[in-house]
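> The lines below spell out each chain.
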Amino acid sequence: MTDIPILSIIVFLPLLGAVCVSFIPGQNKPFIKLVAFLFSFITFLLSVSLFFLFNPSVGTFQFMEFVPWISSIGANYSIGIDGISLFLLMLTTFLTSIAILYSFRSIGSKVKEFMIFMLFLNTTMLGVFVSLDMLLFYLFWEAMLIPMYFLIGIWGGERRVYATMKFFLYTMFGSVLMLAAILYIYFMHQKATGISTFDLQSLLAYSTAYLPFKTRLFLFLGFAIAFAIKVPLFPFHTWLPDAYTEAPIPGNLLLAGILVKMGVYGFLRFAIPFFPEVSRDFFYPIGILAVIGIIYGALIAYVQKDMKKLIAYSSFSQVGFIMLGIFSFTDTGMTGGVLQMINHGLSISALFLLVGMLYDRTGKRGINDFGGLSGSMPVFSAFLLITILSSIGLPGLNGFVGEFLILLGVFKVNIALTAIASTGIILSAIYMLWMFQKVSYVTPADREVKKLPDLSLREILILVPIILMMFWLGLYPKPFLSRIEPSVKNLITVTAPGHFVAPVASQFLSDKKIPEKTFLKSLPGK
Amino acid sequence: MIPIKLYLVLSGVLFVIGTSGVLVRKNVLVMLMSVEIMLNAVNLAFVSFARYMMLPKGQVYVFFSITVAAAEVIVGLAIIISIFHKKESMDVDDMNVLKG
Amino acid sequence: MNSTLLNSVLFVVLFPVFGSLFVGIAGKWLKKPLAGIIASCSVGLSFVISVFTFFSLIKLPPDLRFFDKVFFQWVPVGHFLVNFGFYVDPLSLLMIMVVSSVSFVIHLYSIGYMKDEEHFSRYFSYLNLFVASMLLLVLADNFLLLFMGWEGVGLCSYLLIGFWFHKKSAADAGRKAFIINRIGDFGFLLGILLIYHTFKSLNYNVVFSNAPLILSHGSGIATAITLLLFMGAVGKSAQLPLYVWLPDAMEGPTPVSALIHAATMVTAGVYMVARTHVLYQLSPVSMGVVAFVGIITAFYSASIGMVQFDIKRILAYSTISQLGYMFLGVGVAAYSAGIFHLMSHAFFKALLFLCAGSIMHASAGETDLRKLSGLRKYLPVTFWTMVIGALSLSGFPGTAGFFSKDDILAHAYVTPYYGKFLWGLGIITAALTSFYIFRMIFIVFWGDKQKESHPHESPKIMTFPLIILALLAIIGGYVGLPESNLIHRFLSPVFLGTAVLSSNVELKTIMVSLVFSLGGIATAWYFYLVNPSLPESMKKKAAGLYKLLLNKYFVDEIYERIFVLPGRKLSSFFADVFDAKYIDGAVNETGKWIKTNSEQWRKIHTGYLRNYALIILIGGILLLGFLMTKIH
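Chains as they are written, first to last, in our numbering: chain A, 16 to 541; chain B, 9 to 108; chain C, 2 to 633.
Don't take each hint at face value.
[Stated by the list, open to error] BS3-like cross-link-like pairs, simulated, lysine-lysine; straight-line CA separation at most 30 Å: (1) Lys461/C - Lys372/C; (2) Lys116/C - Lys465/A; (3) Lys465/A - Lys33/C; (4) Lys465/A - Lys372/C.
If you are wondering where the hints come from, they were derived from the structure by calculation, not from laboratory data.
This structure is a prediction, so every number in the text was calculated from the model and none was measured.
Start from the sequences, fold in the hints, and give me the full structure.
Here you go:
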C-alpha cells in the first residue's frame, strides 16, 4: 500500500526510545522523562494517522508488511492490522503516553529504568496487536511479561513480589498451553503439506478445514485457557486483584487498559477463527462463566475497602460483558465487544489515575479514608463522577453504547443470559456509587482530607483527553463503529459454519501425505 | 605376547582404584589425582584395543585425551587453589555451598 | 412547518446543555445571581422556541402535525441503526412546553431560594442539565434516545437529591433513588431489546406503524414488551413497589423537589406509556396492570400521606398518589386525560412544593407540622397561593385539578373491566387527598404563631413564581373543559381511535367525586379547626392502623431485610470466604504443593561431591547394564 513501513515504525519507535533513554545518565531525570514522553507521544501521533489512512470499507488486513525472518522454520516478520487491532493499537499508544505523563510525579526512584521498561512494554504490546505470524505473536506475547514483571516487582506496593510472581506464573502457565497448541498445529500442517510456516492465514485455513474435531477441541482449550487467564474469565481471575492492587498506577493503566484486552484479542484473532465450530459450541460454557464473572465480580467489589481492589473487581466484572458479546457471534454483539474493549480501557485507566492522584496526595487509598471531596476537590469529584458514570454505562457516555450493542447481540442468542447479565447494570451502579459517596460526599472524619488541594493543571491535562474520548464515543461513535464493523463482519463470515469446506479432508484425516499443489488449491483465497 | 585380557584387567583395576579414590577421599587434591588415574585407566584400555585391532584411531584418541587431561588438571588445580584461598581447607565436605 | 424551525428544535435541548456546561465550568468565576440568571435564560430560550414551534404546528392540518427530524446517525452497526433524531408532534410539543415553562419558573424561584448556597453555580448547572435531559427524553424519536434522556434525568435527580452532600441522609437518599431507578431501567432496557428483536428497529414511526401488523391483539410479546417498559415507568414514576425512593428524595433542595420530583421527571413514566400507547393497546393485560398499579398506588400513598408530619413528605406521598391517577388514566386508554392531569399536576404540585419552600424559608427550614402554625398573617402570598394549589389538588370546582382528575375518573367509570372498582377506589382516594392536604393547610396557617419564631414573607423573586403557578393551576384547567376540550382535540391525532366520552357520564361522575372531595376538606376542617382533640382520640382507638400508616407500612424495613442485608452478606461471603479461601486458595495451594514437593526433592542435592559422584557412577553402571541387555 504505502512505501513507508508505518506499522513497523510505530511498533519499534518506543524500543528506539528505550535505547535512547538508556544512554542518558540516570541523574538527569527531567531529560529522561521528556525523552520518554516524546517517544511515546510521537508513537501515539503516528497511530492516530493510521486512523485516517485506514480504509473503513474493507474488513481485511491493511498496512501489511512481510520480511522473511527465520526461513528454515518458516517464521516470518509479517504484520498488519484490521479494524479490530487498529483501535487497540491506538488505545495502547494513547494510554502509554498518558501513563508516562502521569508517572512524572508519582515515580520517584529509578526513573531511567522505569522509562525503559515502559517503552519496552509499549513495543511488545503493539507487537502483539500487529503480528500475523504465530511465532512472532508468541514472541511478543511472552516478551510483554518481562517488563510488566519488573514494573510490578520494583515499583509496586507492599506485597509486590507475591503479586508479580503470581501474575507471571499464572500467565506463563496459560502461555505454555498455547505454545503447545501452536506447535501442534504447526507440525500437523507441516506433516500434511510439507511446508513449514507459522503464517496465520495458512495455519488458520488448514486447521479450520482439516483437523479432526476432537483435536480441535483440545487445541481450542489450549488457546482458550491461555486467553481466559489473561482476560480474566471466572475462575481464573485471582491474579488480577493482587496484581492491580500492587502495581504502580502507570503499570495499572497498561495492565488493566491493554494487557487484559490481549486475552480478548487473542480470542478474536486466534481461538475463534481457528476453531469456529468449537467456539460456537462454547457459547454456553463461556457465556455462563462470563455472566458469573459479571455478577460475582460486582458483588465482591461492593464490599471492598481498598479503592484499587474495588476497581480491580469492577474491571473483572465488566470484561464479562466483553466476552459475552464476542461469543454471541452476531455483528452487533461482537462490534459492541470490540468497542467495549476501548471503552473499558478508557474508563478503567481514568479510575486508576484518579485513585493515583488521591494516593499521591495522601498515601492512602481506602474508601473510608476520604470523604466530602465534592467540597474540597470539586474538579476531582467531577472527573470521578464522569468516569464512574462511564463505567456504569450511562447513556451519552461511552460505556452505554458498547454495553447496549453487546446485550443486543446476546439477546438474539439467549434471552435468559441477557437478562441475568443485565442485572450487572444495577450492581455496577450499587458499588460504584457507594464508592463515590464514600469519597466525595459526607463530611470526612479526617481533618487533613478537607484541606486537600484540587487537581493541578498537569493532572487535568492528563484526564481531559480521556474524558473527551468518553463523550465522543458516547455521543458520536460512528467513526469507530464504521471501522470496526467490516472486520467483525469479515470474522463472522470466516467463522460461519461450513465456510472452509474441506474437499480432500478424508486424506488429511488419515494422515497421508498428499502433493503440495492439491492442498494449496483447496485453500480459500489462494 | 601378553594377552589383551591382562591389559584390560589392569585398566579395570586402575579405574576402580581411581573411582574409590574419588568416592572415599576427602582431600580435593587426592580426588583430582584419582580422577587422573581413572583417565589413565581409560587411556590404557584405548591403546590396548588399538594395538589389538591394529587401528591407529584409538591411539589418536589417547593423545587427544591426554591433552584434554592436561588442560583439565590446570583448570582443576586453579579452582582448588582459589577455593583454598577462600576456605583455608582442602576438605571437600567444606565445599557445599550448592547444598539444597 | 419549515425546516429552519424544525432544526431549531435541536436548540430546545442544546440551550440548557450549553447553559449547564458554561455555568458548570465557569461557575467559579461567576458572581452569585449571574449563574442563576444565565441558567434561567437558557431555559427561557427553550421555552420561547417551543412556543414558536407550537404556533407553527397548529397552523397545519391535524393529521400533518408529525415530524421526525434526524440530525445524525448515533449508533450504526450493520443493519442496526439508531439515529439522533427528534420527534415533533402534539404530544411532545405539549410536554416540552410544560417542562420548559415550569422549569423556567422554578429556575427563577431558585435564584432567591438558593442565594446563600456555597455551591450556587453547581446547583444551576445540575438543574440545567436536568432540563436538557428531560427535554431530550420527551423529544427523542426512538427508544434508545428516550433511554438516554431517561437515565440522564435519573442522574440529575441523583445529583440534586445529594446536593447537600455533607449530609449523610442526603447522600443515601440520592443513591437510593438512582439504584431503584436502575432496577426499573433494567426492565426498560430489556423491553427495548425485545422491541428491537421484534421490529428490527427502535424508531417510533417504524415500531408504531408495524406494531398492529406484526403483533396480534393480546399477543404474549406485546404484553412482555409493555410490561417491561412499564417496569421502567414504575421505577421512574415511583409506583408500587418501587416508590420508596421518592419520599427520601425530599432531602434535596425544595425547588428540586418541585421540579424533578413532582412536576417533570416523575411524570416521564406516564409520558412513556402515552407515547407507546400503540403497543399498550395491543395488550389488555398490560393495560389492566397499568391501571391497577396506578389506582392501588394512588390509594396506598394517599393513606400514608394522611398521618405524616413532614410537609415535604406529605407532598411526596401526594405526588406518588397523583402519579397513580395518571397511570389509571393511561391504563384505561384515556391518554389525553392522563396527559391533561400530568399538565395540571405539574402546575399545582410545583406550586405546592414552592409554597412549602417558602414556608421553610420563613421558618428557618422547619418542615415538621408539629412545629408550624399560624403563618396565615405573616405569609399572605404564600398562604393564598398554597390554598389555590391545595384546592386544585383536591379537585375543587373551577381549578385545573378538578377538570383533569374527573376526566380520568369518568373514563375509569366506563371501562368494561373492573371499571366501577377503579372508579370507586379513585373517589375514595380523592377524599383522602383533600383530607391530607387541608390537614396540612389548617395546621400550618391557622392557630397561633409558634413562640420564638419570626416568620417573614419571601422576596419577590420567590413569590412571583408562586403567583404565576397559581394562575396556571386555575386557568390550566380551562383547556380541558368537558364540552370543548381543547387539549383532547389537540392530542387526538396522536391518540387515534381511543375512547370518546359522552358528557352525560362525565357529569354524573363529577357530581359524586365532588361530594367526596368536599367531604374530605370538611372532615379536615372539623378535625383540625373545630374539634382539635378528635385526631388524638382517633389515634388511640385505631392505634394499630395508625402505627402502620405512620411507619409507611414498614416497606423500607421489609426491603432492607429481604434485599439489602442478604445482598451484603452474600457479597461478604463471596469476597472473604469463597474468593479468598476457595478460588484463590486453589491457586495458592497449587503453588504450595509444588513448593513442598520441591522441598523433598532438593534433599537429594546434598552438596557433597562424593554423593554426586556416586550417583553418576550408579547411573553409569545402570546405563551400561541396560546397553548390555540390548546387545543380547
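> None of the hints should be skipped; say for each whether it holds.
Against the structure, the hints:
| no. | hint | verdict |
| --- | --- | --- |
| 1 | Lys461/C - Lys372/C | holds (26 Å) |
| 2 | Lys116/C - Lys465/A | holds (24 Å) |
| 3 | Lys465/A - Lys33/C | holds (24 Å) |
| 4 | Lys465/A - Lys372/C | violated (35 Å) |
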